[in-house]
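The primary structure of each chain is shown beneath.
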Amino acid sequence: MTPLKPLAGLDPQHLLNKKSTYCNPHSFVDVDRLSLHYGEKSAFRDVTLSINKGCITALVGPSGCGKTSFLTCLNRLTDLTAGCHVSGRIMIGTIDVLAHGTNVIQLRRRIGMIFQKPNPFPLSIRRNLEFPLREHGMRDRAQLGTAIETSLRDVGLWDEVKDRLDSPALALSGGQQQRLCIARSLALSPEMLLMDEPCSALDPLSSGVVEDLIISLRGRYTILIVTHNLAQARRISDYAALFWVQNGAGQLVEAGPATQIFEEPRDPLTIAYVNGMRG
Amino acid sequence: MIKTVSRLQNPREWLAFIFVWGTAGFVTATFCWLLGDILWHGLSHISWTFLTAPPENAGRRGGIGPILVSTALILGVCLAVSLPIGIGTAVLLAEFTSNQNLFGRMTRRSLDVLAGVPSIVFGLFGNVFFCKTLGLGFSILSGGLTLACMVLPILIRSTEEGFRAVPASYRLSAAALGLSHTTTLVHLLLPAAIPGLLVGLVLGVGRAIAETAALIFTSGYVDRMPESLLDSGRALSIHIFDLSMNVSGGDANAYASALVLVVLLLLINGTASWLATYGLHRKIVTV
Ligand SMILES: Nc1ncnc2c1ncn2[C@@H]1O[C@H](COP(=O)(O)OP(=O)(O)O)[C@@H](O)[C@H]1O
Ligand SMILES: [Mg+2]
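Residue numbers (the working numbering), protein chains in the order written: chain E, 1016 to 1294; chain H, 751 to 1037.
Bear in mind the hints are in silico, worked out from the structure with no lab data behind them.
Each computed SDA-like pair below joins lysine to any residue, with the alpha-carbon atoms no more than 20 angstroms apart:
id : chain 1 : residue 1 : chain 2 : residue 2
1  : E       : Lys1132   : H       : Ala942
2  : H       : Lys882    : H       : Ser978
3  : E       : Lys1068   : E       : Leu1122
4  : E       : Lys1132   : H       : Tyr920
5  : E       : Lys1132   : E       : Leu1185
6  : H       : Lys882    : H       : Ala963
7  : E       : Lys1132   : E       : Glu1212
8  : E       : Lys1132   : H       : Arg921
9  : E       : Lys1132   : E       : Pro1077
10 : E       : Lys1132   : E       : Pro1219
11 : E       : Lys1068   : E       : Ser1204
12 : E       : Lys1056   : E       : Gly1098
13 : E       : Lys1056   : E       : Ala1264
14 : E       : Lys1132   : H       : Leu922
15 : H       : Lys882    : H       : Leu979
16 : E       : Lys1132   : H       : Ala918
17 : E       : Lys1132   : E       : Gly1189
18 : H       : Lys882    : H       : Val972
19 : E       : Lys1132   : H       : Ser919
20 : E       : Lys1056   : E       : Gln1261
21 : E       : Lys1068   : E       : Ile1230
22 : E       : Lys1132   : H       : Val916
23 : E       : Lys1068   : E       : His1041
24 : E       : Lys1068   : E       : Gln1275
25 : E       : Lys1132   : H       : Ala915
26 : E       : Lys1132   : H       : Pro917
27 : E       : Lys1177   : E       : Phe1146
Away from chain E, derived, C-beta distances all over 12 angstroms, residues of chain H:
id : residue
28 : Ser797
29 : Thr802
30 : Gly826
31 : Arg974
32 : Leu979
33 : Leu1017
Only some residues are given here: those of chain E computed to face chain H with a beta carbon under 7 angstroms:
id : residue
34 : Leu1092
35 : Arg1123
36 : Pro1147
For every residue, glycine included, the Cβ atom is placed at its ideal position computed from N, Cα and C.
Construct the entire structure; sequences and hints are all you get.
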């Protein structure tokens, strides 16, 4: 396990207090009886969940229980998949996500997404950040320069790449690419970040760096992160939710404060999952 | 090394070895022989005058100046028409119709059939439609348009493959950043699909520049310098055909013209692969 570098040496209680000072217990996302089908096949069913503003919520569960599918509902990336049908209701702030008139471009600008495999565009580092900004209407060179520097500093990449902003992004290491992707999302000043196993394609060292980065974003952004690494979920999350396949479709088994899910789970499945992974 | 030796102890492996190397050698040798023959007979006739002067005495003497110009014009018309239509159709097929879509399936099937239609059929179609129905007569325009019809199926299908070869992650990450479909298409997918487009272009232009049957009935035989696109013009391949089949004593100039044609083909191929690996790719990756 990679130790939690900046907070190493602090006792768990201190850690919890630290978490709660950043995190504001007001719901930002309200998901109501959400179901998703790919054609005939149901991916998950009847999920009702609230996600609090400024907190890190971890989504855990075995493969195929619909975690990725759940994330893609929140930014309507589901629109890109033919045959994908979503029902239920999602409110993010005041936006009714699934409503027909919703401006999807604006929605996605406000809700960034980080994928499992780092996916920078085959452009230079600078263009990776500049291109989305320009498309969203930022044309001024100085303004673009500042936005690029700020977002690269936010992900701790500025000192590593400031001398080679014009070299190809694909020449960066996996961990650097993933941080560049996070910077690319942050540059658009989103309110929320959806992260789909952002560390699982990285080596342990880079994974630790990205994990620390995610912790540093707490409070400024509402973060929903899918992770297979229960130890990581325990280290970083304020809230957690467990998905499980039941009757052929993913369902939400238990959700609540991370301490409750990981220390005193109530549902037998959660107990088994948390203990199984612990052993 | 050890592995190779032990493999070749098996007689069946020997047979396969001989077959594979034999056929590869045969193909290469045939090409070398062809090229050598053309070089041997043609090279001594190549000169600046040959490339620029008009043909004399039905092509037995003089050069191929007007013929090169006509060929370039025909090719120009063909590209000017087929590139935009080709890219547009490829985008429609790859980005806006799914594999199950009936319209998409029908279009793809028709294109695959069209790609295999003999060029003489295109020639007769061009003659009826462009020369007669549209009243363009025997002209460079008719020839170029006919070639465009012939080249389009190959160009569309390979450009479409180029689009499909772009990783799905580009589309997803672009959409997740709130980029519109059009922006993604123009700035990300099109540059990434360019290698496929170039392959189609090389195959298409290669077929077009070497075409005889489709041009005989559309752009005609006239070997004068064309004055407009509505003039008839003789393409290089037709010139070669004519010299070697209909003009006794035209062999020397036929060889020289064939050499020019082969060199043009090699140049086009070389430029395209250079563009694919260095020029355009660099540009996409770093700018
Ligand atoms: N594009 C798709 N088309 C059809 N089925 C899909 C698609 N994406 C995911 N699925 C199915 O939906 C279920 C949930 O998948 P996913 O959301 O990727 O789960 P997880 O991220 O928890 O591993 C799986 O059974 C998977 O096979
Ligand atoms: Mg997943």
